[in-house]
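*Asks:* Protein sequence lines, in the order shown, are assigned to chains D and L.
Note that my numbering has the first sequence beginning at 402, numbered continuously upward.
Note that my numbering has the second sequence beginning at -11, numbered continuously upward.
Worth flagging that the hints you see were computed from the coordinates, not collected in a lab.
It is possible that part of the hints are untrue.
Stated by the list, open to error - DSSO-like mimics (lysine-lysine), calculated; alpha carbons at most 27 Å apart, straight line:
| hint | chain 1 | residue 1 | chain 2 | residue 2 |
| --- | --- | --- | --- | --- |
| 1 | L | K53 | D | K664 |
| 2 | D | K665 | D | K632 |
| 3 | L | K45 | D | K485 |
| 4 | L | K53 | D | K412 |
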Amino acid sequence: MARRAPSLDIKNMTAVQLMELDGCMRCGECAEWCPTYEGSGFSPGLSPRDKIYRWKRFIDKSYGFWATLFGPREITEEEFVAFKDDVHGCTTCGICATVCEAAINTVELWEAMRANLVKRGTGPYGKQNTMPKIINDTFNSYNEPKDHRLSWIPDDVKIADKADILYFTGCTAGIKQTNLAVSTARVLNKLGVEFCTLGEDEACCGSVLIRTGQFHKEEELAKRLVQSNVKNIEAKGATTVLYACSGCFRASLVDWPRLLGEKKPFKVMHVSQFLAEKIKAGEVDWVQKPFGEDKLVTYHDPCHLGRHVGVYDAPRKVLQSMPGMEFVDMKRNRAYQRCCGAGGGVKSGMPELSLSVAKLRVGDAMSVLYPEDEPKTKTNIFAQACPFCKRNLSDGRDALLAEENPRADIVIEDVIEICARALGLSNVKD
Amino acid sequence: MAMEYFSGVAGVSLTFNVMMAVAFMAVFLLLVGFYFNIRKWSQGSEGWGLDPADGRKGNFMVFFKTYWKQLRSHSIHHEQNILETLVFDVLLLRRTARADPLRWFMHMLIFIGWMGLFSLSGLMFAVEMIYLVGFHYIDPEWFREFLQFPNQILGYVLLFGVIIAIARRLFIKKVKENTNSYDSILIVTLFIVVVTGFVAHAGRYIAFGITDFTGVDFIHYDYLFWTLGGMTPFLTYVKEIALTHSILALFIGFAFIPYSKYIHAVAAPLSMIVNKGGEH
Chain D
402 MARRAPSLDI KNMTAVQLME LDGCMRCGEC AEWCPTYEGS GFSPGLSPRD KIYRWKRFID
462 KSYGFWATLF GPREITEEEF VAFKDDVHGC TTCGICATVC EAAINTVELW EAMRANLVKR
522 GTGPYGKQNT MPKIINDTFN SYNEPKDHRL SWIPDDVKIA DKADILYFTG CTAGIKQTNL
582 AVSTARVLNK LGVEFCTLGE DEACCGSVLI RTGQFHKEEE LAKRLVQSNV KNIEAKGATT
642 VLYACSGCFR ASLVDWPRLL GEKKPFKVMH VSQFLAEKIK AGEVDWVQKP FGEDKLVTYH
702 DPCHLGRHVG VYDAPRKVLQ SMPGMEFVDM KRNRAYQRCC GAGGGVKSGM PELSLSVAKL
762 RVGDAMSVLY PEDEPKTKTN IFAQACPFCK RNLSDGRDAL LAEENPRADI VIEDVIEICA
822 RALGLSNVKD
Chain L
-11 MAMEYFSGVA GVSLTFNVMM AVAFMAVFLL LVGFYFNIRK WSQGSEGWGL DPADGRKGNF
49 MVFFKTYWKQ LRSHSIHHEQ NILETLVFDV LLLRRTARAD PLRWFMHMLI FIGWMGLFSL
109 SGLMFAVEMI YLVGFHYIDP EWFREFLQFP NQILGYVLLF GVIIAIARRL FIKKVKENTN
169 SYDSILIVTL FIVVVTGFVA HAGRYIAFGI TDFTGVDFIH YDYLFWTLGG MTPFLTYVKE
229 IALTHSILAL FIGFAFIPYS KYIHAVAAPL SMIVNKGGEH
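Isolated chain L (complex conformation):
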């Protein structure tokens, strides 16, 4: 019998194996996307003022070699330590903070929320795998419940960041005028993933009676909010909603990275590091 999918909905239609297949497909698409991106970058030359070498265009090593060479080269401006770049510029987004505190706040919320949820999902996956191979030290079902609170908090952090991003694009004239589909797709898809996540989570808890509704508390209202007061469709189709969310999260929030503006999440840090933190 197939093992239950602990991270999602317990049910016959959504087994661990199904989710594994979907996840592997997402990882495959992600890798294919990165392959094409690095191949594209490797069309370039290996140094300033040079043309791409004959027979080496698209060769993966061109990108890695050029990157390494530039990383090791002397900078006229400064020689910012790579650790300083990683901590202050990449993780704390210092350059954004200098420019616009609101944009920095938004980016940090999205960054923390996304990375947090991604890490906890990875952790859940690891626990499931350990369980699956026969080491029953941690009960996956218990661990899933343990993660509910941090997941919910991180979800709200991400949601708040996305709402600020949408509001900026809608209500700040200069930002609105300069928004194109490349920007919009990123925010809209992220919003859909986050909202479906909340709906699926709340619906599951109500439908399967996991949560205790005897008391009136934040969780109670939270779950009622995301299911519009516990409306029947949210509860009837909770498995489908959960499946939709899981697939969207895997394909949009993960596999879509190299095919969209999400690529900046990888390329911008690489740029900061290779340029030693930039000019200033």
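Here chain D stands alone, though its shape is the one from the complex:
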């Protein structure tokens, strides 16, 4: 009798990742911290421990001891579809990797599983499969014409044609949340930093394709995007590239070299790191309290800036250096912060789950900005450094306000927007 072919073809998973599956001791620490598992009301399939175990079973059924001796056992399509749904209910925030007692690199494991399922034809999740085509056609993830990338630029902002420093705007700041791009540009101008951008030639950083396991689609689209960006950055003569978007920053720091297969010929920095250096050098003179009066401010570490690449201090130093800003950390901060709920395609794929996580995170901020035993006398500030976090946390705040929770009355702004305020600059175009 002919042997059954394995239901699962091991694509996109490294030999070390297959070993890591066997390293899981099922301690459950990941489940204790997972934001979407908690946000879903502890749906068992979303537990990282469960996902590792199920995938290990898939691998064992296809390539394990018994499968080798007696032939692979079938994995049904229903099992694959259920798994696909669960593995996409993850923001790839990485807290499971941080707390994993076996030090398993779970973020890369989830992304590899997603890519495997996409190659198999089971993934991605919902509308995510439209992204590669959109990005291939427009080079941005919002299906906007290329020239719309320039529409955020106010008349007063000076952008050089070529410069040592290049500001990589990103699709979200350049097209949707233009306050972030406007603030960044005005702050750089105010500090006398000559910079250029890629303008219409800027391409999506590829993050959304990588996070959803689709980087190989449209003829290695992600790689082509990166090649285009790197070539254009080199043509601008830039040696340092600044990012205000944590997603783009993470992609350029971690993913670009891997896609290119070589080191980038320039240095990359998050704008908060750049400002922290300027402040340390005494080159920043704040001109006013950002909000006109003393405020309590807390900071949310974006996963892509914090846990993924380890930038924790710079945004805090920037906030703490401003007048009228009393800084307080949330209980869950830095490596142990709680994700905002937007990453990994969850915001677009499972908006309700994303909102539920955002509400939890806003709750974390409320507990330090407005302690239960103190009367609320003013509106305090919840800062972050990522447009996706800002959007989702704002949605979480609005949902809590709609549920008549007055303590959710919080101003949510990006660190660079607050910087613009402290320098007396407007963060809107007109």
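Could you slot chain L onto chain D? The hints should help.
*Replies:* Then chain L, alone, in the frame of chain D:
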């Protein structure tokens, strides 16, 4: 005449040769298990974002090459020294200690007990082999007696760890709810191996009159406890119990590693090392 099996029971039915055959069978099964595991791991690709290369799926070198490449690669998070990872994360289970002190205590007891007994068994085996080839520097029988006390202590360390593990699975609601057969088999088999070890050891001492029972001491009560007050069946079938324990210890505590959740004892340290201690 066959040499007596010093580590077990002196008797005609259980000779050194018999135990050697059993031990080699266990080692063989262990190696076969690892072969299949490494073969399984080698189905993967050699780097991020790649598919397995044609014609190399299952080739042992794929795993070792990928592991080495990742070990040598730059880490964005940190570059934890391999020695620090080995000492703090692998041996002292620092990451577990941060998360849950009780689980850390349990793991350490099992780890120390298991590794200790395994090492002393290895030492006993080495002494026997040296004796067998004609170097009579150490009398194996004397050495076996010398190891009794540390063996007994390590046995209790392991037993205490296993009891905590069972208690967690039975009485902590969240742990109980998330326990499946993959977890249970590990703990139950370990418990059986440890208990049969104590019973065999105590029965042998009473049945063969090795120990001196003229005084009332800890050892006395200890041996009586494990034989339920020196009950006849434990003494009559002491050889069979000892044989059962030895076989269980070899096949469950050793050969079973690559076929069960025990594999984490190998794969988790490998993961910690290759990921340079993990994120934090």
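*Asks:* Run every hint past the structure and note whether it holds.
*Replies:* Structure-based check of all given hints:
Note on K53 (chain L) and K664 (chain D): the hinted pairing holds, with a Cα-Cα distance of about 21 Å set against a maximum of 27 Å. For the suggested pair K665 (chain D) and K632 (chain D), the alpha carbons sit about 10 Å apart, so the restraint of at most 27 Å is met. For a cut-off of 27 Å, the pair hint linking K45 (chain L) to K485 (chain D) stands: about 25 Å separates their Cα positions. A hinted pair counts as satisfied when its Cα atoms are at most 27 Å apart, and K53 (chain L) with K412 (chain D) qualifies at roughly 18 Å.
Comparing the model with each earlier hint shows no violations; every hint is respected.
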